[in-house]
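Chemist: Below, each chain spelled out in residue letters.
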Amino acid sequence: MPSRHKRPINKLFIANRGEIACRTIRTCMEMGITSVVGYSDCDALSYHVRMADQAVHLGPSPAKLSYLDVAKVIDAARATGCDAVFPGYGFLSEDPEFAAACRDAGLIFVGPSAEVIASMGDKIATKDALAAARVPIIPGLNKVTSAQQIVEFGNKVGWPIMIKAIAGGGGRGMVRVDAPQHTAKALDQANSIAGKLFTTDAVYAEKYIKGARHIEFQFMADQYGTVIHLGERECSIQRRHQKLVEEAPSTLLNEELRKEMGAVVVRAMKNIGYVTAGTLEFLVDSDMKYYAIEVNPRIQVEHTVTEMVAGLDLIRLMIRTAAGQALTVRQEDIVLRSHAIQCRVNAEDPKNNFAPSFGKVTYLRQVSGPFVRADTGIYQGWEIPPFYDSLITKICSLAKDRTTAIERMWRALCEYEIWGVKTTIPLLKQIMRHPDFVAGQFDTDFIDKHLDELLNYVEEEDEVLRLARFVAEITAIGKNPYCR
Amino acid sequence: MTTKPTNVHPTLSPKENVAILRRDKKIYFTNTGPRDTGQSDFKNRHTLYDLIRLAPLYNRSGYFSVENHGGARFHQNLLQNKIDPFEEAARWKERMPDVMTQTLVRSTNLWGYRMYPRNVVALSVKAFLPYVDVWRCFDFLNYVPNMVPIAEEVMKGGKLFEPAISFSVSEDCTNAYYLKVTREILAVTGGAKEIILCIKDMAGVGSPKRITSLVDALLQKYPSLIIHYHRHTTDGLAVPALVAAAKAGAKILDVTDDPFTRYYGHAPVRSVNALLQEQGMETNLDLTWVDEAARIVTDFIGNYQEFESQFRGFSHKVTEHRMPGGAFPSSFEQAEKGDFLHLMPHILRGMSYGNRFIKYFDVTPGSQITWTTWAAIVQFHFKEGGYRQVDQLLDACERFIASGQRLNKVTPAERDILLGLYSRATDDLKSLLLGRYGPLPFGWPADWVYQSAFGDAWRERVKKDRIEASPLDQKKKENIAAIQRELEDKIGRRVMPEDLVLYLQHPGATVDFLAFRRKFGDTTILPTRVWFDGLQAVGREVYFDHQGKPNTFKLLSIGTEVAGVRHVVMAVNNTMHVFPVDMPSAKDRLKTEARLADPAVKGEIGSPMMGNVWRIGDKDRSLKVGDIVREGQEIMNLEAMKIETAILSPMHGVIKDIPVKLSQAVVEKQLLLVLGAAPWSERKGKGASKVKKPE
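The listed protein sequences correspond, in order, to chains A and B.
The opening position of the first sequence corresponds to residue 1 in the numbering used here, with each subsequent residue numbered one higher.
The opening position of the second sequence corresponds to residue 485 in the numbering used here, with each subsequent residue numbered one higher.
A portion of the hints provided could be inaccurate.
[Unchecked claim] So the derived label-pair ranges between C-beta atoms look like this:
hint : chain 1 : residue 1 : chain 2 : residue 2 : range
1    : A       : T403      : B       : F1000     : 51 to 61 Å
2    : A       : E463      : B       : G733      : 46 to 56 Å
3    : A       : P481      : B       : L825      : 17 to 27 Å
[As the list claims (entries may be wrong)] Derived pair list, reagent style PhoX-like, types lysine-lysine, alpha-carbon separation capped at 20 Å:
hint : chain 1 : residue 1 : chain 2 : residue 2
4    : B       : K1003     : A       : K479
5    : B       : K843      : B       : K801
6    : B       : K1003     : A       : K351
By construction, these hints were calculated from the structure, which means they are not laboratory data.
Beta carbons are placed, not taken as given, at the ideal position from N, Cα and C, and that holds for glycine.
Please build the complete structure, drawing on both the sequences and the hints.
Modeler: Laid out in structure tokens, this is it:
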């Protein structure tokens, strides 16, 4: 067990932007920690820069030249006298070199060790480590050298087969093969995608689990060997492996299975020697058999739903853990109550094949009201830059039961109003009203299966605003062309 | 103990209301301001925002009824006012619960421009029954069988049916003739117990003496008949004529608020009331509220100045040309837009002859047939030979009439002119001549008219196609379910029964209207000036209520046009919003500029007239580029002045191009469609030789 010294964190460099940077700044404010953020050219007027105590210009807008530039980020953290660095999700959060560079620069990295990140970033190593801790994993082919190999494997375990990038993650770099004759082409494709997106084009193969639900467990570990889990999150509502809606708890698990899987998670993480917050992702098939697929060694976008049902601030816990404090909550203290749902509002046009929709936010009405939480990194008048991901707001609703949480989410989605960009809100509203979703009957194919139906919406505008649009048109033209 | 009600009221049965009118000595009024006056003098542009302010005042003024519905306002509401006729009717009913609401129905044309079969009539009338108390129904041929379907539905529905006799002044329009029409009406309505008879003087031509004689003749024969005199002001004699009618025994008179009165609408209520009282008659008005309504009208009437007629002033000549008040300003507007305002005196002169060649009443759709026919005749001759040729034509008509309409009494040149008079007759005029609207009131026109309209083969055409009985008997039921599906396809949502009724009257306008409503919502809650002109200047603000909540829009800035877009910044309820507005760009304007058909190019089909493309294809099939059409097939339909004109394919062919869009306004000769030779017609050797030149 690695032993570390307690070191207070008084000033934190947040190596991220957008909603997760803003959300972290809030926790810093609560904890009395001075927050510092970096920013790129196009982010000079972004919300995280406005909110932080201090900001450092990192470089040009492309992420490679700013947020992904390890040296610049480390320099910025040191120059501003920070004790620690928080990476958030995306960007450098899963780069073991970055974690190592922080350590070398004398900065506390608010996350797992570089070694753990490195091994969790290698899918094969992860699977080996999980298997060693007796966690069920998907039957797989670790070293893919030829298409023939995959064909044999497929014939043994059954089709379809998924080919995945070893260095992949976040649902990117996956190709599905439905039948042996498509294998060669799929392998080429998978190699090529992996080569483009990641550091290596190496891939591995896995049995495709049909009708599966994507269920993940949140856990928290301190430097003293204490590991607890905070229950599961249901993340099956995805499009092309990008999650749209997450909730906790899952309608699929009963208390017994939850306990069993939770124990598996805790055992595995103890085995791995994991420290700080992380997620173990599972696929659960229709026979309730579960397979671990990967570990996310970082805070996740959907951590909010766990926070809501567990009543814990995960980022606060991460900062405390990084500062060498022991977890004070024990597994038996964790009471998961109520039901939380999160919707991701992306600046995308669902009707135009989810094309990103960038531009100026000319009007914004955020949501509020009872049991609704909104995490956002945007404000009215701000221009959404085209360089980064399209997530603009996460809306989370909490209620005693799932039905009420859905109704509450519907209300919040109706209240949210944004002008200037297209968003996924109308689609999310459709999902909240879909009978299968409401009944809790869905799997990871839900969106694909119902896409036409879900996209069959009309964006309804507030009646007064529609009239305002009319008056604007008449005013611009100078006279009413409809009546003359 | 029950007491007999003493005041007419919407909640009483037609029989009870008619009984009260019979017992009561007082003279009653119908205020036509919101509908007919608005149509006759302000082109039906009154906004609901302004009009509805009058409802609570009318409600207390003691009117018999208020005409707030029907006629051309129905179409105009969909077309340019963007008012839902159902919502408008419902709002009146709600804010004027104690005074009857009134509509005007064009017999089986209802509020549209074609004859509807019984199932459509039943559906449409039923839909409006809850909102409309008095149903005035006329037929431009005074052909009573055309009124029957309406009479049945209205009387069955428990509302007051008011059949109207179309009134005019001519040697044929005698008391005996109107007694005959009235007898036919009363035979249909089962007597006079639960109906009111309207004398519809839509052009305003009945002199005090003439109207006295007619009312007297009717009451001599049917003493218990309640007579309602509808009269326009065009000849300048409305006030004395109305008073004369009342003196002769008419019970209800059409009037309007004093400040609504112009030239072609209705007489001022206060003036008529004063003269009646001076002559010793009692009236049923509460002047406090009449004056308050007048104050409101004065307040808003300035909004409509630009829509008043191009030509203003009384015209006693109306007794000759008989153009009805409701068609006056729109005709002048057409003439101005079509650049033939200078020909108006000639057109009106032509009309005064035309109504002696083909006899019917100049009211919808007859008035539109008259107008399009004579506007086309005079324009054609003007284009060919200027004023000289127009004068020749009109002089020939005049001499022909002076000769007692005998062709052998005029010169051969004049005879030729007359035989060519109707050679470019519209489909509607031909339909009229073939009895498709019903038999003409004073018999079929002379043979030379048919010869002129149908050419050498006129005898066969008359023999084969002229309907001598009721055209209604030949009207097949329409497949309403199919029409509903058609509308569903067009608007992409479930169709409400109300949508369907609107669509049945005016298909194109309804689809456009529903799209507008979907985009902007209910614009009738916006103040009139903002509806017409927007916010005009930076800093301007508008206030209005929506569902009881006050709202304000303030114009903060307005950008210049960049790449076809202007950015308008407004504070909407104190919150700033930016609205990008796509401007009708110069490019678009060029695109809509008319390309004319080249008559030398085979297959280029030009528009025979100015109008609106409301259908591409025929009733059953819409056409697109690539479709094959047969010779004589209807390939497009234009609408102008409430008249539909079919464009028939002059050849077998395949559609190469359709350079016009639905709802597009087109000018005469504008290229509508380009046809190429169809492969199969070439094979069979049919081709250029059989192709007729497009007209």
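Chemist: Quick one: which hint numbers does this structure break? Sort them smallest to largest.
Modeler: Hint 1 contradicted; others consistent.
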